[in-house]
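Residue numbers (this note's numbering), protein chains in the order written: chain L, 153 to 374; chain V, 64 to 119; chain F, 836 to 1088.
Rather than coming from a laboratory, the hints here were simulated on the basis of the structure.
From the three backbone atoms N, C-alpha and C, an ideal C-beta is built for every residue, glycine too.
The hints are all genuine.
Per label pair, the in silico range of CB-to-CB distance:
#1 H848/F to L68/V: 46 to 52 Å
#2 G82/V to L264/L: 53 to 59 Å
#3 I203/L to P1006/F: 27 to 33 Å
Partial selection, computed: residues in chain V whose CB lies under 10 Å from chain F:
#4 A74
#5 T84
#6 L106
Just so you have them, the derived chain V footprint on chain F, three or more residues with Cβ under 8 Å:
#7 884 to 892
#8 937 to 943
#9 1051 to 1059
#10 1073 to 1081
The residues making up each chain are set out below.
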Amino acid sequence: MAQAFLAVVRRDLRIAFRRLSDLASPLMFFAIVITLFPLAISPEPAVLREIGPGVLWVAALLATLLALNTLFRSDFDDGSLEQLALSAHPLPLLVFGKILAHWLISGVPLVLLSPLLALSYDLSSNALQVLTLALLIGTPTLSLLGSVGAALTAGVRQAGGLLALLVLPLMLPVLVFGARATTLAAAEQEPAGPLYLLAALAALAVTLGPFATAAAVRVSLE
Amino acid sequence: MTEFLEMGGYAKYVWSAFGLTLVVLVANIVVAQQQFRSVRTRLAQRWANQQQSPDL
Amino acid sequence: MWTWFHKLGSPPHLYRLAGKLAPWLLWIAIVLIAVGTYGGLVLAPPDYQQGDGFRIIYVHAPSAWMSMSIYTVMATASAIGLIWRMKLAFAVAAASAPVGASFTFLALVTGAIWGQPMWGTWWVWDARLTSELILLFVYFGYMGLRAAFSEVQKADRASAVLAIVGVVNLPIIHYSVVWWNTLHQVSTVTKLDNPSISMDMLWPLLVMIVGFNLFYIAILATRVRSEVLGRERNARWVGEALDDLLPENRVTA
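Just chain L, with the same shape it has in the complex (with noise of 0.2 Å):
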C-alpha cells in the first residue's frame, strides 16, 4: 500500500518536472501580484509593514487556486485518473499521494520564495521566520481544500471562475490565521495561537480531505 502511494507521488513529481513552465507560473503569478501592491498603495516602509502580511497571504491563496488546475484536469483527460480509481489500492490514500506531489511542487517553492518577498515590505527576521513557518503549516491544508473542488470540476471546461468561488470561502479560516500569526509577529508579539490553530486545521484537513477528494474523483469520473 506504502509503494503504491510511493508510486503516485514519484509518477506525479517526475510528470511535473517534464513541464516546467506549470510549475513556474503559479510562482511568477504569486511575485507578480506582491509587487503590484506597494505600487498601487504605497511604497512607504511604514504602510509596507502594515498590509505586508495580510498581501502575502492572500497571494499566495491565489497562486495556489491558480496551480490547482493541473491537480486533476490532464490526468482527467487522458483517462489515467480512471486507473487509479479502477486500482486494487484505496482511492483517498492514492489521491493523498497526488496532493502531496502537487504540495511539493507547487507550495514549497511558495513557502520558499515567501521570505524574499516578504523582505521588499520591510518585515522584521522574526516575522519572516514566522511567516514561512506559517505557511508551512497553511498550505499543506490550501492544498487540501482545493484538491476537492478541483476534483468536483474536472470534467468541467472553462472552470476557473468556478473553482475559485468553489474553494476560496473554504480557505478563508487559513487565511485569517495565517495572517494574524504573521502581523501578531511582525509587531513582536507571541504568534502561537493562531499557529495552533493553523496546526489543527491542518491536522482536520489530512484526516477528512483525502476522503472528500476521493469522493469528488468518484463523482467526476461517472
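Chain L is already provided as a structure; the job is to place chains V and F on it using the hints.
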C-alpha cells in the same frame, strides 16, 4: 397614523427592510410557480410528441 | 409508519402529496408572517436604545435563521442522497438552494439597512454580516457547480459532495470570522442582538420564524414537484400527471 409611518425617524430603514422582504418572498412564490408551470408544459409537449412517433 | 415512509419515497406519491399541501402551507405561512409583521411593527414597544429602528429585527433575524437552517437541510438531504442513493433527497437539496440563497441575500441587505442608522455606515465588517456574506458565496458556488453539469445525476452527486464539505467547514469559517472580528472590533454603538428582550417584543419574532419556516416548506414543495417531474420525465405516472395538458389522444397503453 403618520406617527406610525414615521417609525420614530427610522421610516426609511424600517420600511425599506420590510418592503424588500415582501419583494423577496413574493419573488420566491412567483419564480417557483412559474418554474413548475414551464416544466409541466415542456414535458407535456414531450409526451405529445412521443405519442405521435412511438418509435423514438 | 414504515409504509408511510416508503410511500414518501415514491415520486408520484410525493408529487401528489406536495401538490395538496403546498397551497395550505403557503396560506398558513402568509397569515403567520402577516400576524408577526403586525405584532412587530405595531404591538411591540419601541426599544429603549434603538427606538423604532430595532423593528428591522423582525425580518432580519428570521432570514438569517433560515439562511443557515436551509443550508443544513441541503447538506443533510445531500448526505441521505449519497448514502442511501435516494433520488428524492437530491431533489430536496437542489430545490432548497435558490430559496436559501434568497434568504441569505435578504439577511445581508436588511442587516446593512439596520447598520446604517446604528453604525452610521451601510457596511461594517461585523462578524455576523461577514459570515452571512461568505454563506451567500457558498450558496452561489453550490448553484454554480450544479449549473456546470448538463446531466442531473452528475450535478446531484457533485453538488452533494460540495454541500457536505461546506457543512463541515461553515462552523470553522464562522468561528474564524468571529475570532478575527474580536481582534478588530469596530466601534459599534449597539450590537445587532438584544440579549434581554421582553415578551411583547419576543412573540412576534417567534411567530415570524415559524412563518418563515412554513414559507420555505411551501416553496420547497412546489420546487420539489418541478424537480421530480424533470427527473422522472419518462415514467408513466408523469404522463398521467400531465393529463390535463395533453391533447385528446391520452396515454392509455
